[in-house]
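Chains A and B, in that order, give the protein sequences.
Residue 187 in this note's numbering sits at position 121 of the first sequence, and the numbers go up by one each step.
Residue 1268 in this note's numbering sits at position 19 of the second sequence, and the numbers go up by one each step.
Hints may contain errors.
Straight-line C-alpha distance at most 25 Å; calculated BS3-like pairs for lysine-lysine [claimed, not checked]:
1. A:Lys144 <-> A:Lys175
2. A:Lys115 <-> B:Lys1493
3. B:Lys1479 <-> A:Lys175
4. A:Lys161 <-> B:Lys1479
5. A:Lys198 <-> B:Lys1493
6. A:Lys161 <-> B:Lys1485
7. B:Lys1387 <-> B:Lys1400
8. A:Lys191 <-> A:Lys144
9. B:Lys1387 <-> A:Lys196
10. B:Lys1485 <-> A:Lys155
11. A:Lys155 <-> B:Lys1479
12. B:Lys1485 <-> A:Lys175
13. A:Lys111 <-> B:Lys1479
14. A:Lys198 <-> B:Lys1467
15. A:Lys155 <-> A:Lys198
Only part of the chain A face toward chain B is listed, based on derived beta-carbon distances under 10 Å [said to hold, decoys possible]:
16. Leu117
17. Tyr118
18. Asp132
19. Asn135
20. Val136
Hints listed in this document are in silico derivations from the structure and should not be mistaken for laboratory results.
Remember, it's a predicted structure, so these values are computed and weren't measured experimentally.
Where a beta carbon is used, it is the ideal one built from N, C-alpha and C, also for glycine.
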Amino acid sequence: MDEEIKKMMKKVEDFEKHVRELIREELSRLHEELRESLETSWTSKGVLKPLYSVREEGKDYLIYVDMPNVDEGSIELKFVENKVVVTAKLRETLKLSDWPFRGEGTSFKEYQGIIELPFKIDPSKVSVRKRKGMLELRITRE
Amino acid sequence: MAPHREEYIGEFRFIEYTPFRVSGEGYGIIALPDSGLVSVIAAGHIIKQLGMEEIGGVDSYSSLPPVLVVSKRKLRTPIRIFGKDNLIVIYSEFMPSLPTIPVLARAVNDYLERKGVKYILMTSGLPVPNRFELEKLKTYYVATSENTEEKVKNLNIMPFENGYLVGPYAIILKEAMRTNMESLLLLTEAFFDFPDPEASAQNLEILSKIIGKSIDVKELIEQAEIIRIKARDTMKAAIPNLTKMRKDYEYSTPINI
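Chain A on its own, in the form it takes in the complex (with noise of 0.2 Å):
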């Protein structure tokens, strides 16, 4: 009768376990949603975020980066585990004289953004298209 007893508690333990851990990680992924909401898209050293998307197709990852005015050659990206950081200037920098007044004065000169994979990338395994101020990384998971 005590080894029946065990075993339920230990199925009782592993559950709780489990379900500490599924509201640990909602948790987290809300608080970072929350955290994502709050960052501005640009900082006051002039530099924009751009915007991204990731999207499966396949064993593909496919990243789409939004750089409107960018200076196509002077795109770069790296690759760190599993993050990609992109980085490129402006043709020509921007200062919008519209901004709200928090950006006023404000010269945007350069994109920088981190993109996050859920698995470490391969470069070689990396093909990337420019087209209109926009890149398309097709990443292939191992």
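For chain A, the structure is supplied; the task is to place chain B on it using the hints.
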């Protein structure tokens, strides 16, 4: 300065800064954040090109985000109303929450009808996965009646034959159908999650023929990259709400037609 008039339609307060009613066959354009911010970019351009006056606004402390728009030092509501001649534009860069949209759709429908609007026109983006590669964009229309279809008869655009529409315009169209308000939605292939002024420009070229007003899109196309930069935060803010609405259903094909 106190507004000229305000009234409650449902839980929304409609404010008028100056008396206005559309002339002739009135058109109402509704612009809310949707795929590619196509509608908001287009409406902003119409307002600027036609020199439309800001005649009023819509607010609700319970149903809209706690936002005050400051425009040229004037205090404005999150949903803004512009008018000129036979045209009213209802414009918002803020996505109302999902439960709010049906109530807002009814209230806006009611308001436009009272202002003499005969046709509600909407333009938006139809998200397509291969937008990155597309040089030439296709435009489709959804009309609530045959009478409205007449408006696009000779404009060389295709009907949206089968599929799903998800988002604020789906609800507005349903409300318009329910109240027999003639309505038309133009959908041009667009990015879902990046501002797409090219798609806006294409919609505007068609819209200008419908409303009989010349809208030059040259400046919109020339300024496309600047608009894409300025619209980034609005796009970023709209995406979580659009995702919650399950905008991905629009990529699906109905099993039975």
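The hints, checked one at a time:
| no. | hint | verdict |
| --- | --- | --- |
| 1 | A:Lys144 <-> A:Lys175 | holds (19 Å) |
| 2 | A:Lys115 <-> B:Lys1493 | holds (24 Å) |
| 3 | B:Lys1479 <-> A:Lys175 | holds (15 Å) |
| 4 | A:Lys161 <-> B:Lys1479 | holds (11 Å) |
| 5 | A:Lys198 <-> B:Lys1493 | violated (29 Å) |
| 6 | A:Lys161 <-> B:Lys1485 | holds (21 Å) |
| 7 | B:Lys1387 <-> B:Lys1400 | holds (18 Å) |
| 8 | A:Lys191 <-> A:Lys144 | holds (13 Å) |
| 9 | B:Lys1387 <-> A:Lys196 | holds (22 Å) |
| 10 | B:Lys1485 <-> A:Lys155 | holds (22 Å) |
| 11 | A:Lys155 <-> B:Lys1479 | holds (17 Å) |
| 12 | B:Lys1485 <-> A:Lys175 | holds (21 Å) |
| 13 | A:Lys111 <-> B:Lys1479 | holds (17 Å) |
| 14 | A:Lys198 <-> B:Lys1467 | holds (17 Å) |
| 15 | A:Lys155 <-> A:Lys198 | holds (15 Å) |
| 16 | Leu117 | holds (6 Å) |
| 17 | Tyr118 | holds (9 Å) |
| 18 | Asp132 | holds (4 Å) |
| 19 | Asn135 | holds (5 Å) |
| 20 | Val136 | holds (9 Å) |
The structure does not agree with numbered hint 5 stated previously, though it agrees with all others.
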